[in-house]
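Undergrad: Chain by chain, the residues run as shown.
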Amino acid sequence: GDSVTQMEGPVTLSEEAFLTINCTYTATGYPSLFWYVQYPGEGLQLLLKATKADDKGSNKGFEATYRKETTSFHLEKGSVQVSDSAVYFCALIPGGSEKLVFGKGTKLTVNP
Amino acid sequence: DAGVTQSPTHLIKTRGQQVTLRCSPKSGHDTVSWYQQALGQGPQFIFQYYEEEERQRGNFPDRFSGHQFPNYSSELNVNALLLGDSALYLCASSPGTGLSYEQYFGPGTRLTVT
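The listed protein sequences correspond, in order, to chains A and B.
Note that the numbering used here numbers the first sequence so that position 92 is 1582, with each residue one more than the last.
Note that the numbering used here numbers the second sequence so that position 22 is 171, with each residue one more than the last.
Hints were generated in silico from the structure; no laboratory data involved.
Anything over 10 angstroms on all C-beta distances counts as not near chain B; from chain A, calculated:
#, residue
1, E1505
2, S1569
3, A1576
4, N1601
Computed list of lysine-lysine pairs in DSS-like fashion (alpha-carbon distance at most 27 angstroms, straight line):
#, chain 1, residue 1, chain 2, residue 2
5, A, K1567, A, K1542
6, B, K175, A, K1550
7, B, K162, A, K1594
8, A, K1546, A, K1558
9, A, K1550, A, K1597
10, A, K1567, A, K1594
Glycine residues also receive a C-beta, built at the ideal position from the N, C-alpha and C atoms.
Using the sequences provided together with the hints, build the complete structure.
TA: What follows is the structure in structure tokens.
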């Protein structure tokens, strides 16, 4: 079935460090890929998305590229800030569907 | 502009009881989806409502049912509660069906079953 696997957390970084959160997927057809972020006490927010192979999604300094050959959608940011501390979820929508399939989430803590 | 709102914020129920959770979509949105997020897990899709009809359903038993009203608000009902139903229940709305429409999530209702 359709599934998303993302790196185990928690991840703790110092401010201005480089961030990578790995995400791989299994899906039938051609899925769309997403990263969502959940700040403490808030609802899930869409961070970025990519709908076809080689697309790069970007927002707020975060980037992820849809790699069909490696079935991956790794999240990167060149210089993290304390305000980036949150839980990050990789997700997909399988081809022909509209339901989001989420990974387990990765908690990021950025220290000043 | 109010975003997606859910009520109540927290709820404690006993095994075997029934519960109703409520969701008001973001203004201008007509599609509502419900997700269950167990502790330490990602959200799992329960079902989606559009035009007062259930359009798609995830792998949840019939104890989970829903409804959408003409004003697009929605309810999630769970019967015969089990301890395993303890979770954060998320509602998401979008201005239509299809991948081009972003789903906006509410803060969730925390259900504890004892």
